[in-house]
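Participant: Heads up, the sequence shown is in the working numbering, so the first residue is -14 and it goes up one at a time.
Please keep in mind that the hints were generated in silico from the structure rather than gathered at the bench.
Honestly, I wouldn't trust all of these hints.
Pairs of lysine-lysine, DSS-like flavour, derived with a Cα cap of 27 Å [to be verified]:
no., residue 1, residue 2
1, Lys143, Lys82
2, Lys354, Lys441
3, Lys81, Lys441
4, Lys82, Lys354
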Amino acid sequence: MIFYSYGRNKCIIIVDTLQKRGIELNFLQKLGKSLMLPVTIMPLAALLKGIGYWIDPLGWGVNNPFAAFLILSGGVVIDNLPILFAIAVAIGMTDKKNTTLSLAAVINYLMITKILSPEGISLISGLHISQVSIAFGETDNAFIGIMVGLIVAFCYKKFNHIEIPGPLSFFSGERFIPIISGMITLLFAGIFMYVWPMLYETFIHFGTWMAGLGPISAGLYGFFNRLLIPTGLHHALNSVFWFNIASINDIGRFWGTVSGGIKGVTGMYQAGFFPVMMFGLPCGALAIYQSADKENRKKIGALMFSAALASFLTGITEPLEFSFMFLAPSLFIAHAIMTGIMMFIAASMHWLAGFSFSAGLIDYMLSFKAPFSYQAIHLIPLGIICGALYYVVFRSMILHFNLMTPGRMKEETKELKTSLAFDYDDLAISFVEALGGRSNCLSADACITRLRLEVKDTSLINRDEITRLGFDHVVEAGEHYVQILVGTHAQFIADAMNDILM
């Protein structure tokens, strides 16, 4: 859906194709959420590598064995993201925390990358390894990992309950998944022996075209990255520019785990987020707080402060962005535009920093000793300017257009929950009841800050009850899927709900 808001009069334009393709949209959302599983491991990798670079900024571990120990330890996660993607997609697309899925994903990934390696192609084709296409040197990438994860997930859904008669009955059910997924992976490997070089060239051209736009490409990326947050599809977009799908690999090259980085260029798809997340959005939160009605400022201040602090320290922006994106969509569009502007300026001025988790203060400090950090200190004055811009734009738009941001709605009478000290079991029971009971609530999952729920009938959802619980942001993400923003304790609530639904 595309929303446009002008004051109290809202014009909502619904794109029919998205409604008709709710299943496809949910698939992409679920895929994007699945990729967040390995990404959440990356802060530890960033901490280890960052400390290592602080200790030995010139030798990257050559001059200090302890620094080398830390850098190598952190590289384990970043260097193996593709296989982590395979495991995460296999689990995330099935909503099953199952060892069979993990085993099948690992085996199939190792198998297809071995076959499609230069040595494997040389052995199969009879060509000397020097004659093998350079494309086969890049098969251990995120694209292959995601594809393997999807194959395993598909096989689990189709063959999980299969019964094999006779002496082979041992291989029935889940034991059949590694076998059938391995056979399909082999089929794909055979096809990819011919298709992969062509696909590789396509991705190279796409990445080259984007890189050819220079700072403009960074600006466009920043704009669409923010604009896609309501759908969850921004994670899929991130995988193109941050990882190796299109040979851009901005994160890997920035941290030096992948060759090909260029000083003053690598990091351009990350740097501009720091001014926005550390300064822009927190100042936007201040504008929202000061624009709230006086009787609501106390409770809105608590909400805005906690959300702004999360954005500043960790770069987790969803609690803040979801607080206004549907109440004042035009304000959210302005936020996306300003993000694009900051990305463009940072890339144009070659003020570059990078992150392993998100663009908060922690990653900003760690990135200073990364091999391709470049004039990152200048992002601070840019951030101050960004903060002032956000405050002026937010404050002006809210007051001029009378936007209904938090604290400005007259019907706001309920207290907002800002404490993380929930009784998850009681809250889970309340959520299940509000979603229509156990018969209507089919499954519960979570990303970092959102519950992702599958229900039989969305019309049975009691939105007033969910609001009474303190959670106002309920989004329908398809015919049978709902998302609720609950904060960083989402996984605990989802686990408690699944215990009830079992």
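Participant: Work down the list of hints and note, for each, if the structure agrees.
Facilitator: A quick look at each hint next to the structure:
1. Lys143 x Lys82: It holds: about 17 Å lies between the C-alpha atoms, which stays within 27 Å.
2. Lys354 x Lys441: Cα-Cα ~51 Å, so violated.
3. Lys81 x Lys441: holds (19 Å)
4. Lys82 x Lys354: With a Cα-Cα distance of about 37 Å, the restraint between Lys82 and Lys354 is violated, given a limit of 27 Å.
Going down the numbered hints, you'll see the structure goes against 2 and 4, while the others check out.
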